[in-house]
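In order, the protein sequence lines correspond to chains A and B.
Residues 1 to 269 (my numbering) make up the first sequence, in order.
Residues 1001 to 1080 (my numbering) make up the second sequence, in order.
Calculated directly from the structure, the hints in this document are not laboratory data.
Hints may contain errors.
No more than 16 Å apart at the CA atoms, straight line, and that leaves these computed lysine to aspartate or glutamate pairs for EDC-like [claimed, not checked]:
no., chain 1, residue 1, chain 2, residue 2
1, A, K193, A, E152
2, A, K193, B, D1037
3, A, K193, B, E1064
4, A, K193, A, D176
5, A, K193, B, E1060
6, A, K193, B, D1058
Treat the numbers as computed from the prediction; the structure is a model and nothing was measured.
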Amino acid sequence: MTTDTVSTLMRSGEIEWNATGELRFHGTAQAVFQWVDAAFERLAREHGAHPQSAPEAIAGETLERAGYFDAFPGMGIPAASGAAMWLPPAVCYHAYPDLAGRRLDATRLVTLACGCGRNEPVAPENPGRLQRFRMREVVFVGAPTAVAAEREAWMTRGQSFAAAIGLVSTLVPATDVFFGAAGRGQRLIQQLKGLKYELRLDAGPAGNIAAASFNLHESFFARRFDIHLSDGTIAASGCAAFGIERWTLAVLAQLDPEAAAGLALRGES
Amino acid sequence: MTTFTDALLRFVRQDLLAGRDVDIDPDTYLFADGVVDSLGILTLIAFVEQQCGRPIPDSEVVMEHFRSVRAITQHFQRAS
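Chain A extracted, bound-state conformation:
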């Protein structure tokens, strides 16, 4: 394992951290980034997720309806076009408006990706924590048992994907609040119910970072967006989220440079 490769690439400029909390990749690092991005899209489509476009900005009205500003005050980053539009804090926020008011007769699976933004504290010493990053998600909406089963399947797929490309990963329960009211109560509810799991990868100077999360939202978003099952009961939702920059750092940190370059050249997962 060559855990100093990322530091070497940062010194050489192939990985560039900038003060807006964003990583830019060049050369082999960029090829790995593109490979990771394409590989997760392929994985999602192979498992039945319907691809959907995701704009690089989202309406404040949508985030308001999803309870984002209440749960995470001060974390939003306005898009360049003005305060009415924001950088999506997670790409799944684009999925719910399309399902608003619908009555679902089967589990809906969609996959989407875009640049996201969160007003996180960032520092060059911690290149894994970003304000602007690319995220691929698979979002599942349907009956609670089907959504839970889908989440389980994606936890297995995430681990298998990491192992298949030679990455060591650890799946752990997560306690950071990811929806609803922030605070100890929501954190403990999440902990009790196992609503969020993270797949953690060693990423050199970025440390052991959460590169994917597998989440159950129960009926939180379905209630806000009025999404029901065909029998009239409220739907549940969940998602699997993959941070493309973090996976790229982990590939570069854990694989030897030839293997990482080979992966990028391979083209197919």
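With chain A fixed as given, assemble chain B onto it according to the hints.
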């Protein structure tokens, strides 16, 4: 049925589920969607702390110990 269980059942019925039509017995799963919410869990923990006379660290707030009134009683009565 112990005093601890009685007191806990009464608390869940009267305080946590006040006004809601949910039938509760010692084995009822307390964390079905919408039964005990993020505020409810904090008041439940505060009540159990008061009953067992010690603080409950977050690391002890796991489903094994909080699934039902019976699970809470079994763990916290023994551990107090």
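Here's how the hints hold up against the structure:
no. : hint             : in the structure
1   : K193/A x E152/A  : holds, 14 Å
2   : K193/A x D1037/B : holds, 11 Å
3   : K193/A x E1064/B : holds, 10 Å
4   : K193/A x D176/A  : holds, 13 Å
5   : K193/A x E1060/B : holds, 13 Å
6   : K193/A x D1058/B : holds, 14 Å
Checked against the numbered hints given earlier, the structure satisfies every one of them.
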